Structure formats: C-alpha cells, structure tokens
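Enquirer: If you read the sequence shown in my numbering, its first letter stands for residue 2, the second for the next number, and so on.
Calculated directly from the structure, the hints in this document are not laboratory data.
Source: prediction; values computed, not measured.
We treat Cβ as the ideally placed atom computed from N, Cα and C, and that holds for glycine.
Treat the hints with care, since some could be wrong.
Said to hold, decoys possible - List time: in silico EDC-like cross-link candidates among lysine to aspartate or glutamate, alpha-carbon distance up to 20 Å:
{"hint": "1", "residue 1": "K15", "residue 2": "E64"}
{"hint": "2", "residue 1": "K52", "residue 2": "E35"}
{"hint": "3", "residue 1": "K52", "residue 2": "E68"}
{"hint": "4", "residue 1": "K103", "residue 2": "E146"}
{"hint": "5", "residue 1": "K50", "residue 2": "E68"}
{"hint": "6", "residue 1": "K89", "residue 2": "D122"}
{"hint": "7", "residue 1": "K52", "residue 2": "D72"}
Unchecked claim - If you anchor each label on the Cβ, the simulated ranges turn out as follows:
{"hint": "8", "residue 1": "D65", "residue 2": "E148", "range": "25 to 33 Å"}
{"hint": "9", "residue 1": "L126", "residue 2": "K52", "range": "24 to 32 Å"}
{"hint": "10", "residue 1": "D26", "residue 2": "Q118", "range": "32 to 40 Å"}
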Amino acid sequence: SSGINAEYGDSKCKVLGANFRAWLDAELTRLTTETTSVSIVFQHIPYFKDKPDEPGDYFNIPEDVREDLLDQLYSAGVRYVFTGHLHKNVIRTWCPPNASDKSSPLHLISTSSVGVQLGSDQPGLRLVQVSANGSVAHAYWPLDELEALLASGGQPTFPN
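Could you build all of it, start to finish, from the sequences and the hints given here?
Expert: Written out as structure tokens, the structure is:
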C-alpha cells in the first residue's frame, strides 16, 4: 500500500511536486513488476466527487493531473483508492475511457469523518479487510454502532 499526496502537484510546491512524481512513478513501476495479491492506495483528497470530468475544486484532485494519475494507478494494477477530505461517504468506480473490459474498475472510496459531517453520515470510521486471496471488503461503521457492537462482545462484519 502507498499514500499519495497529490497536493504536491500544486504550483506553489514545484520541488516537492517533482520529488513526489518521481517517487510515485517509481512506486507504480515497482507494482507492475511485482506479483502482489492486491495494491491499495490511501490518500487524503479524492480524485473526484461525482464524475471524472467534473471541474477541479477544493474537494478533488485538479483536472490537469487527475486523468493521468488515475491512468497510472489503473495501469499499475491498483483497484482500490481510499480517501477522506469530503467529510461524507462517497463511493465511485472508474475505468479508463478506452478500456474494452470494464469488469475490473478502480474503486474510489471516500470515508466520512469522526466530526464536522458534511453529509448525512453519522461520525464513524471505515474498516477495510484484505483477505489472503486478495479480495477487499470495506464497511463504514458509525461510532455509536461500533461501540455498542464491541461492548456486547460482537465483532464488525463485512458485506459479501
């Protein structure tokens, strides 16, 4: 797993941006040559909220780098990107526009926060389960529900 801070692409951070892109390129090249069961990226800002071609703003990755980064992740075999920043749960999928097979999309999962909700979600957290066979499951748990479950001796479950 790797973290991406695409904010380094900002024009105010040219040196950090160049260093970041060199690091990212090396990591994605490494992923294409290694046999890993699953590659997951964790980063703060989501690529988009609703549509891949939406205008750039405070809540998404700028348009001028968005498609290139998504293409790089997809080509390297990444199929899950977990983000925050939106303060609400948003789940989207993306495939390269020219992909003939859309059966293995890139899953873009933004998780709400533990405070300052901007959507209707209760404060909570997302649990991610990576199985030995490489399958990934995730579930958002409101803190009140998770606390009650754990206090009763239960354990969180994941959707099938």
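Enquirer: Does each hint fit the structure? Answer for all of them.
Expert: Results of checking the hints against the structure:
no.: 1; hint: K15 to E64; verdict: 17 Å, holds
no.: 2; hint: K52 to E35; verdict: 31 Å, violated
no.: 3; hint: K52 to E68; verdict: 12 Å, holds
no.: 4; hint: K103 to E146; verdict: 35 Å, violated
no.: 5; hint: K50 to E68; verdict: 14 Å, holds
no.: 6; hint: K89 to D122; verdict: 6 Å, holds
no.: 7; hint: K52 to D72; verdict: 15 Å, holds
no.: 8; hint: D65 to E148: 25 to 33 Å; verdict: 43 Å, violated
no.: 9; hint: L126 to K52: 24 to 32 Å; verdict: 27 Å, holds
no.: 10; hint: D26 to Q118: 32 to 40 Å; verdict: 36 Å, holds
Taken one by one, the earlier hints fail for this structure at numbers 2, 4, 8, listed in ascending order.
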